[in-house]
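Trainee: Each chain, letter by letter, is given below.
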Amino acid sequence: MIHVFSYHSDHYVYDTGSGSLHACDERTAKYLSGEAIELTDEELKEILSLKEEGLLGAPETSARPIKSHEVKALCLHICHDCNLRCKYCFADEGAYHAAREMMSFATAKAAIDFLLEKSGKRKVLEVDFFGGEPLMNLPVIKQTVYYAKEEAAKRGKRFLFTTTTNALLLDDETIRFFNEEMENVVLSLDGRKEVNDAVRKTVNGKGSFDAVIEKIKKFVRARGDKHYYVRGTFTAKNLDFSKDVLFLADQGFDSLSVEPVVTDIPDLEIKEEHLPQIEREYEVLCDEYVKREAEGKGFNFFHFNVDLEGGPCLEKRVSACGAGNEYFSVVPSGDIYPCHQFAGDPKWKMGNVFEGTLDPVLRAQFADNCLFTRKKCEGCFAKFICSGGCSANNYHFNGDVNEPYEITCAMMKKRIECAMRVLAMRKIKEI
Amino acid sequence: MIKTIAKPAEKKVTGCGECRSTCQSACKTSCTVGNQSCERITREQKIDEQK
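Sequences listed follow chains A and B, in order. The opening residue of the first sequence carries number 1 in my numbering; numbering runs sequentially from there. The opening residue of the second sequence carries number 1 in my numbering; numbering runs sequentially from there.
Treat the hints with caution; some may be incorrect.
Computed, partial: chain B to chain A, Cβ under 10 Å [to be verified]:
| id | residue |
| --- | --- |
| 1 | Ile2 |
| 2 | Lys3 |
| 3 | Thr4 |
| 4 | Val13 |
| 5 | Ser21 |
| 6 | Thr32 |
Calculated from the structure, these hints are not laboratory results. C-beta: ideal position from N, C-alpha, C; glycine also.
Given the sequences, and given the hints that come with them, work out the whole structure.
Mentor: In structure tokens, the structure reads:
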């Protein structure tokens, strides 16, 4: 299958079977789109040559992935409480529809033991500390990190840790700890002060921007070349979100991710009628992204990162995200869920780290999930990049983990086209 | 006119499982497999660069 698309006056062809991206002129774009247009012998020869090389019209795989049962990663809900009350929080403002509580070290230790035991031959394991607000339970994070490192070393394994935080409790000591121990740190901030403060409020109902901005700047200055993301959310209230991404870049943050909100709250929810504006915003952002990069003032925007040359193998591309099979969430009680977005829903409880159990039926169901169990994806050009999208999103909006949510899909497809545009502009610069 | 901009690097091994879990990235809501790099290729490139 080929996907022909235009960006401003430029034309591109993405070949799903080979994963190749080509730039072409308007005539060739029209011809490849199926329009009745006569190409010259030279033009036809170019197309034939790419076909012979297997870079255009290449057959697509339909082979189901062979999935291992090694567990790679856990999301530890280290704190089911939060010191903010963000309106759009999928986690019920940190409580996950239950009592506000902290994860004990006993639970975190049992989770680490569980991961080590279920990880088979895998050498590199991943743990992310998530909430609520993880820094409300920093002592247990530290204990867990030191315990995990010690146990991993005994087994010839190692851990990569991530923490997601709203930065409210970030201080010099925590920054030092993060820089020593965290492979990645994700700091939540939505962008412009008025945008952030409309939804990210303290427990007293005040905006949180002023309380965190200098802390995040200090963290980023101290971070050096280690991984981090300043991560925002956009809602129906700031459909001009390119301004928020660029505002964050202007603060000196050079690794950014701004995501569409996942909510059904009426004044915040992304609806179908918002899509044209969102698609335009991605283009505005993409143009500025390319411009700043050319000027030597570039930054990293997570969704413009699609890696066509060194990206994942086909096996990975059809395997979906791995939730419920190689990745799980553990809540303070020790209960296990397929991922953080399923946490707290009894229907999706898969086991408990103290018992070392995983529901074999649910796990088999998640292990079976892949691109080819998502029938809507069959005719989509983005399928080998998004791998069928987010199971939790699919379930929450359409009631079925294998039923992709069309609005998410539309945004994903636009982001992928923009990411391809970025690749194309870099290539032109190289030439 | 049609010119190739990007094509996947030839992979000696596929399905090795060495790659990181998709949900360990930035988003936690819009996981995108294609945003990841192949850990094996990245590692082999680093070794080549050090030679």
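Trainee: Was the hint right that threonine 4(B) lines chain A, CB cutoff 10 Å?
Mentor: holds, 5 Å
Trainee: Let me know if the C-beta of lysine 3(B) comes in closer than 10 Å to any C-beta of chain A, holds or violated.
Mentor: Holds, about 5 Å.
Trainee: For the hint on isoleucine 2(B), does the least C-beta distance to chain A fall short of 10 Å?
Mentor: Hint holds; isoleucine 2(B) Cβ to chain A Cβ min 4 Å, cut 10 Å.
Trainee: Should the interface hint for threonine 32(B) be scored as holding, given a Cβ-Cβ cut-off of 10 Å against chain A?
Mentor: holds, 6 Å
Trainee: Against chain A, is serine 21(B) within 10 Å by beta-carbon distance?
Mentor: With a minimum Cβ separation of about 4 Å from chain A (threshold 10 Å), the hint on serine 21(B) holds.
Trainee: A closest beta-carbon separation below 10 Å is what the hint needs, so does valine 13(B) meet it against chain A?
Mentor: Holds - the Cβ of valine 13(B) comes within 10 Å of chain A, reaching about 8 Å at its closest.
Taken one by one, the earlier hints all hold for this structure without exception.
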